[in-house]
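**Q** What follows is the residue order along each chain.
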Amino acid sequence: MRKLIVVALFCHAIAAAAEPRPCAALYVKGDQLWVAVEGEARFLFSDSLGVEKPRWSPDGLRIVYVHRMQPQKDHLTDVMVADTRNLSPKAVAKLTWEDSVKAVLQVGWRGNEAVWIEGHVNPSTNIYYEWNVNTAERVRDLPGSRFSWSPDGKYLAYAEHRAHFSPDARRAAGIMIDEKPLWMPVKGERIASPLAWSEDSASLAFVTTGEDAARLRVLDTRRKVERDAVRLESSAITRLRWTEKGRVAVDGAATDLVDVASGRVTRQPRATQSVIREGETSFAVADSTCGAS
Amino acid sequence: MKLEGSGVAANGTIIQYYNGCYHTDTCPRTASGVCAQVGVTAAVDPGTVPMKSDFNITGIGIRTAQDTGGAIDGYHIDDYVGVGIANYFGNSYNRAVRLLEGDPSCAN
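Chains P and L, in that order, give the protein sequences. Residue numbering for the first sequence follows the numbering used here, starting at 1 and increasing by one per position. Residue numbering for the second sequence follows the numbering used here, starting at 1001 and increasing by one per position.
Hints should not be assumed to be uniformly reliable.
In the EDC-like style, the derived pairs of lysine to aspartate or glutamate whose C-alpha atoms are separated by at most 16 Å in a straight line are [claimed, not checked]:
id	chain 1	residue 1	chain 2	residue 2
1	L	Lys-1002	P	Asp-168
2	P	Lys-53	P	Asp-31
3	P	Lys-29	P	Glu-280
4	P	Lys-187	P	Asp-168
5	L	Lys-1052	L	Asp-1025
6	P	Lys-90	P	Asp-74
7	P	Lys-102	L	Asp-1079
8	L	Lys-1002	P	Glu-98
9	L	Lys-1002	P	Asp-141
10	P	Lys-154	P	Glu-98
11	P	Lys-94	P	Asp-141
12	P	Lys-102	P	Asp-83
Listed next, the stretches of chain P that the computed footprint assigns to chain L, with coverage defined by at least 3 CB atoms under 8 Å from CB atoms of chain L [to be verified]:
id	stretch
13	38-52
14	259-272
Source of the hints: derived by calculation from the structure; they are not laboratory data. Glycine residues also receive a C-beta, built at the ideal position from the N, C-alpha and C atoms.
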């Protein structure tokens, strides 16, 4: 274990994690994966093919990540899983051009036994692939985009698949949950942000842009109705996250904190990404157990 | 093709798959209505790069924002490289595609 000269860990932790695990953050240095735990940096492993988008399993016992994209004819990247107890990464899946993935956009866990990726296919659609980590069997594939699992692990929300270059692509995508439509855009409107579930898995927030303004929309997923729509000034939205007391933080050029119940919007300077500092060098936090960030 | 949404038959016909049926077109048609061209067409987020604007991608060249889609957000750009390149890298090709002719639900 190596002691850092200076470690700064800024967590925008609002909701406390359910399990009393120490605050730990994964970060990548070159081809190495490190973890910072309460001010101490620990080297985990290195992988000459790269370590991208590492994510802890919910129980903290495994880490999933992908290799760098290497656009060759028969091999693009691999989905890797490392057990934190022995730190020997193993390939769960090898992606080739046959899988139509041009870039890996998201990596995640479904429970502790399955991993998934969202791969970019073309301007109109991405693809969700899921594998059982024990058998390496691909158990699900689903075209669409902006995939997001509810915190309780029961519902997969995403934007509809569209066939690119077809008239179908000119219709804006609606939102689906488990292959059933939940919300459809009106004319001129499109989804312009990731989909963000509330901690209780009852609400889904996202931003739309239309002819007049951007709006934060909140859907009640159990009653399947739109609860609220709040007008925003935000643009270039990169992240949505639920904070305490029913508020949604919309990170774009600045951060808009939206009180969903009242519709009040408080503009703040853009939220700083969580980083680890070693001397003069900063490393982005890839994943952490420090609560919602 | 069902995933990509469109492809090209051996005779050059553009085939699209949507709403459960196969359809044809004369070219890969972008969101702006023009035909996609290699070395010209790029897909952008219109909120970030205005449609029809020209822009330079370092190391790649000048492109025109002619296309968009629900999977393009923010600073992401897709450069159109044509169907032949995709075929070379292992996507299905030289396979017979059967149009569902005669199925009234798929009539154009």
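**Q** Work down the list of hints and note, for each, if the structure agrees.
**A** Results of checking the hints against the structure:
1. Between Lys-1002 (chain L) and Asp-168 (chain P), the direct Cα distance comes to roughly 13 Å. Compliance with the 16 Å bound is thereby established for this hinted pair.
2. This hinted pair checks out: Lys-53 (chain P) and Asp-31 (chain P) have alpha carbons roughly 12 Å apart, not beyond 16 Å.
3. With a C-alpha separation of about 14 Å, the suggested pair Lys-29 (chain P) and Glu-280 (chain P) falls inside the 16 Å cut-off, and the hint holds.
4. Our distance criterion of 16 Å between C-alpha atoms is met by Lys-187 (chain P) and Asp-168 (chain P), whose separation comes to about 14 Å.
5. For the hint pairing Lys-1052 (chain L) with Asp-1025 (chain L), the CA-to-CA distance comes to about 22 Å; that exceeds 16 Å, so the pair is violated.
6. For a cut-off of 16 Å, the pair hint linking Lys-90 (chain P) to Asp-74 (chain P) is broken: about 19 Å separates their Cα positions.
7. Simply put, Lys-102 (chain P) and Asp-1079 (chain L) have alpha-carbon atoms about 11 Å apart, close enough for the 16 Å limit, and the pair holds.
8. A distance of roughly 13 Å separates the Cα atoms of Lys-1002 (chain L) and Glu-98 (chain P); the hinted pair therefore holds under the 16 Å criterion.
9. About 12 Å separates the Cα atoms of Lys-1002 (chain L) and Asp-141 (chain P), which keeps this hinted pair within 16 Å; it holds.
10. The hinted pair formed by Lys-154 (chain P) and Glu-98 (chain P) fails the criterion: a straight-line CA distance of about 29 Å is larger than 16 Å.
11. About 15 Å separates the Cα atoms of Lys-94 (chain P) and Asp-141 (chain P), which keeps this hinted pair within 16 Å; it holds.
12. Taking the CA atoms of Lys-102 (chain P) and Asp-83 (chain P), the gap is near 27 Å; set against the 16 Å cutoff, the hint is violated.
13. Judged by the Cβ-Cβ criterion of 8 Å, the stretch 38-52 of chain P is not covered by chain L as claimed, because only 0 of its residues qualify and three are needed.
14. Counting residues of the stretch 259-272 of chain P whose beta carbon lies closer than 8 Å to any beta carbon of chain L gives 0, which falls short of the minimum of three for the stated coverage.
When each numbered hint is compared with the structure, violations occur for hints 5, 6, 10, 12, 13 and 14.
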